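Student: For the record, the sequence lines run as chains H, D, S and B. Taking the working numbering, the leading residue of the first sequence gets 235, the next gets one more, and so forth. Taking the working numbering, the leading residue of the second sequence gets 235, the next gets one more, and so forth. Taking the working numbering, the leading residue of the third sequence gets 235, the next gets one more, and so forth. Taking the working numbering, the leading residue of the fourth sequence gets 235, the next gets one more, and so forth.
Just so you know, these hints were derived from the structure itself, not from any lab. This one's a predicted model, so the numbers in the text were calculated from it and none came from an experiment. Accuracy of the hints is not assured; some may be wrong.
DMTMM-like mimics (lysine to aspartate or glutamate), calculated; alpha carbons at most 20 Å apart, straight line [said to hold, decoys possible]:
#, chain 1, residue 1, chain 2, residue 2
1, D, K569, H, E461
2, B, K495, B, E314
3, S, K561, B, E314
4, B, K561, S, E567
5, D, K240, D, E411
Protein chains: 4
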Amino acid sequence: MVFVLKPGVSQREIDRFVALIESRGFKTFISIGTEHTVVCLIGNTAAIDIDSVVQTNDIVEYGKRVTEPYKAVNRTAHPEDTIVNGGGVPIGAGMFQVIAGPCSVESEEQIIEVARSVKAAGATLLRGGAFKPRTSPYAFMGLGADGLKLLLAAKKETGLPVVTEVMNQTQLPLFEEIDVIQVGARNMQNFDLLREVGRCRKPVLLKRGLANTLEELLMSAEYIMSEGNSQVILCERGIRTFETYTRNTLDLSAVPLLKQKSHLPVIVDPSHAAGIQVLVAPLARAAIAVGSDGLMIETHNDPARALCDGAQSLNLVQFAGLMDDLKRRIAFEGKQFGDQVIQGGNPGGRFLRLPKIAKSVIFNNG
Amino acid sequence: MVFVLKPGVSQREIDRFVALIESRGFKTFISIGTEHTVVCLIGNTAAIDIDSVVQTNDIVEYGKRVTEPYKAVNRTAHPEDTIVNGGGVPIGAGMFQVIAGPCSVESEEQIIEVARSVKAAGATLLRGGAFKPRTSPYAFMGLGADGLKLLLAAKKETGLPVVTEVMNQTQLPLFEEIDVIQVGARNMQNFDLLREVGRCRKPVLLKRGLANTLEELLMSAEYIMSEGNSQVILCERGIRTFETYTRNTLDLSAVPLLKQKSHLPVIVDPSHAAGIQVLVAPLARAAIAVGSDGLMIETHNDPARALCDGAQSLNLVQFAGLMDDLKRRIAFEGKQFGDQVIQGGNPGGRFLRLPKIAKSVIFNNG
Amino acid sequence: MVFVLKPGVSQREIDRFVALIESRGFKTFISIGTEHTVVCLIGNTAAIDIDSVVQTNDIVEYGKRVTEPYKAVNRTAHPEDTIVNGGGVPIGAGMFQVIAGPCSVESEEQIIEVARSVKAAGATLLRGGAFKPRTSPYAFMGLGADGLKLLLAAKKETGLPVVTEVMNQTQLPLFEEIDVIQVGARNMQNFDLLREVGRCRKPVLLKRGLANTLEELLMSAEYIMSEGNSQVILCERGIRTFETYTRNTLDLSAVPLLKQKSHLPVIVDPSHAAGIQVLVAPLARAAIAVGSDGLMIETHNDPARALCDGAQSLNLVQFAGLMDDLKRRIAFEGKQFGDQVIQGGNPGGRFLRLPKIAKSVIFNNG
Amino acid sequence: MVFVLKPGVSQREIDRFVALIESRGFKTFISIGTEHTVVCLIGNTAAIDIDSVVQTNDIVEYGKRVTEPYKAVNRTAHPEDTIVNGGGVPIGAGMFQVIAGPCSVESEEQIIEVARSVKAAGATLLRGGAFKPRTSPYAFMGLGADGLKLLLAAKKETGLPVVTEVMNQTQLPLFEEIDVIQVGARNMQNFDLLREVGRCRKPVLLKRGLANTLEELLMSAEYIMSEGNSQVILCERGIRTFETYTRNTLDLSAVPLLKQKSHLPVIVDPSHAAGIQVLVAPLARAAIAVGSDGLMIETHNDPARALCDGAQSLNLVQFAGLMDDLKRRIAFEGKQFGDQVIQGGNPGGRFLRLPKIAKSVIFNNG
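Could you put the whole structure together from the sequences, leaning on the hints where they help?
Tutor: Next up, the structure:
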């Protein structure tokens, strides 16, 4: 259940209303939009009579039941698009970003060469795996903590904010300087990990699991938000089907559906979905046209010798060529790209571990 | 195995070469491109030494094994894009078409109203179901032969070529005046039907089955082509997955993959894939961006009262609004749309039933 | 909606009640059980008040709404198990049958050798494909009408009733002497074919489509029954999933579910599901344990040289060995096997094509 | 690559051979069977000439390449069935076990009542969730550490060894007294967790992920074994498909396939697969017939009031009735059930955390 407050209500009035609600045993999320503040109730709201709440609380414009199991993530609770701040780079609400870089960080030379090149081509965030989930225990697992250091060296060198995957919560202390924490497809329902990243003040890039429904993806985002972190980016990266020409089937319907049901930004990873390099460009174009807020594209200085996922990686020249095309398309969609910076604070920077969540959690876009 | 002939060889020389090949027990397909003629051999070619064929036949430029099980459909056999002539409207090779109309023809007023409106909005072909495959024997099955007549009345009224589905081969005589015969998803592997439409001189719009791989779709197109009909349009319309928010999952990777592996045009039906109207526009945009050669969009004068599939149909105003957007996008992709007409013959018009296929079949784009 | 009549009502009383119902615009199915006769109404029954029907018609014991979209197939409409008469061999209601034979009939020697051998091992029906649906137009398609003749020769030789697949309705006249007509997985939603076999007085073995839900399978059986043919055997043969070690994933949950929701017998084809011979025996054992009414097992005299599906075929020795095991298991389940014959008429023999269906259709188990 | 040693070789000879292999840079697993010892090499073995190894090492009977990516898990590396010791109860190699209990431990009374009842009915291990992975952050998550204590109280009361799920590696210290650690479907590819349980001296029950292939399941087992823990039980629990009548589709082909490819025991969980109680009995019967080594059946004292998964739980009377049936079937299959105890040590008891794995790891069945 949400209550949309009238414009211009004071913080004191909001606090009083929230205290009233919480005194009846509900947890609340408060979402501060540019016009309206919305108070979202979690708990069994069956007994609440919306009309009587509206009539007895002057500051409430209207109330609405949220029947979906996801509440904080729900667009009803936050009608405007959320903007995620990825190390100073805004994602969502018409601002488009391209995250590029190799599947795994392999060496300082490699990651810095790739970072410089993708930045020159227009990428606005750098990706690179340090901890790699691999099907086989005998495969290359990434450089681990050293990989994170090399990634941060590339960040220092180029100024690009960095995105990298965490595989378990004990690694989180190593992610202090990382701008966006990725939760991979195989961890989409690692609920303890979701809770822990929910207690970080860090943007989280949450990938859809290989066989998870969109509702499950939204529920996993709800795990993160329910701990107080509203900086969540959803990522479609392909699902398992019977088709064999591609590794996974990219589900582009996910983008408009997720944006209809939720206020969170949605990006697309065509590289992992397709598993073959030749599909990356057409799927990236389609992702822009279908309304995504960004792309994540695997790019490598030498795909043929990549330690993982070479088959799906663009080389640096291919990426630069593709970016020229994509920039025209982003402009065609009327979206901003690449030249904005979020003023002031840098939520993607150092993070505070939140104390065990208080009853009332505040989300905003600032 | 294909043999690409040198430019400028005479018909007599081609005939002699084909006779030689066929005397060794192979069936041949001959594809006539703007520069090269390609002779494609069907049969167990393991014993053929390509080099000796090239060396002993002056007119052969080079030969190549085709390892894929689809031969005539293969781009190797016909490197240029095939243009399908849909009742005078060209589809493929940079020419984009929009097929619109209701799920089923319900009455003369309805189909003419829809036809006029979608034509005014820019649609270039009219769809409308007369024979409807329905899961339940108690559901509305379409108007049958009467529906075909109403569809032809709308064609006469508007000049739009018409596309409609055949459900079994005994119905084919009724399709004499229909421009494009649709083989539906549930009939994609109705091999006897494929063979019969392969013996018509009619374009065939072949929809991917709900759980068929792209290779199986290409093999079904091969059935049609192997009977002598090269006028095949492939259509992606969504596949079955575990996702529940959409009826099916539209697989847009199919478009670039099919166009890489085959020379046939590929169109997209976002309406049936999604099953909900709100996804039609974004998926149509994505289909254009991913490289499709056309769209098939369900449009109804009164979706709320449609006898089938109302939930996924655009109304006439929505369709017109969408078309304005799509035309800009088709132009952005550098494709031609809507104002070309194929001069001369009208392959989509009356048809001859081919005699049982001769050994040698000739395909061209004329 | 169904009305269960009191025991011992006369035919005249039933006719009068049915006439009353039909006068209100409904189509009826009448199912005659050993104790009760059930009258099943098709049409929009929303306006019918069950209580008033019961109170004003002495012969009605009680009425019940059928919310499922399948009506005649529904167990509510026919609480007892239906027994299908496969050429004198009863299937269902505790009577278990094993159908064996090759994927395709290849020659007289082959089919007679296989028929003799599987009969000696205990098989009670013979299968063999004459019309083969093949993904490739260049693959072996079966011997066609000649294959049917060879199959009938094997029937004559051994006395085994025969099961074989029809691919389209124009072939049906050739099936006059065939005991059970198979509708294959790819034709499960070939609705025109379903209707035609529904108008035959022949048992139909209906295979589940590769990506069809159980409800869709029941609806396809409803197509057949709605035309007046209640002799339908449902067959689970595996569905498409992402798993690659098997060709399809055998869904054994289908057996108890179908038997709960419907009165029709359910058999299992482990050969096509698995696609590999080594899984046939364990899956056949599981199928018996899960409650199936029969098995269909591909058996060939020389699998390594089979013209199709050799990889999944048992050889004759393997089949005989498996049968020894299966017989013990069928007995363990308390089912009868192999030694019953239906006295009198032979519904699997010559068939009458029914006239276009009258309003009232009568089903029974006799 | 594996080398099978001659019977009767001494430990000294084995050590010398292993040292030789490891000096060439390979990691080795040593599997001690009742007749043969097998040395399994991990690493790039392309350069090894098997013949020359056999000829120059007297103790080697023969060598064989293992082309599958799973090595220690491979039946080639350990031709005999592995017996897992679940707190004194042997699983595998013809010894069948039934694990029963509620989805979650809810109170001391509940778990003890269930434990006593399922023990009386014949269950040989007790399950009960303390840490519950739930799709929604607002759902009941289990009693956590308190749940483990109650489970251990039930173990003390009844003597039944206990199985319960770990959700992340930081919880492992709490599992000291637990007999079998379950890794749930959603964690099947939580590779860091797999590695950690691989370093415990505890049996691990590894459930197949909802959309994971059998090869991926084997690779996840390989993660555990590669850390030195060979006590792994594989569990099939249903996969995601398009079917809607069941929660998941139980893939019983998995059982014979996994047992063919691997030496590990395989059990089946029909409760989670089906999601509805009525399917549990038939699927349990099928699981026995298909060759599984055990069953995991959700059982609750009051399913209608269960805090989770009540719809799929049997009540205590249903479970007892089912067990009578299952015992007859286990006997029919020639398997031992329920009355054996592993003498001596209790690997399921207290555990040592292994030091970071040494090069050579020894597996045996003792």
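Student: Run the distance test for B:K561 versus S:E567: straight-line Cα separation, threshold 20 Å.
Tutor: holds (14 Å)
Student: Within a Cα-Cα threshold of 20 Å, do D:K240 and D:E411 meet the stated pairing?
Tutor: Violated, because 39 Å separates the two Cα atoms, which is more than 20 Å.
Student: Measure nothing beyond the straight line between the CA atoms of B:K495 and B:E314; if it is 20 Å or shorter, mark the hint as holding.
Tutor: holds (12 Å)
Student: Holds or violated: are the alpha carbons of D:K569 and H:E461 at most 20 Å from each other?
Tutor: violated (49 Å)
Student: Holds or violated: are the alpha carbons of S:K561 and B:E314 at most 20 Å from each other?
Tutor: Judged against 20 Å, a Cα distance of about 29 Å means the pair is violated.
The structure is inconsistent with the numbered hints 1, 3, 5, although it conforms to all the rest.
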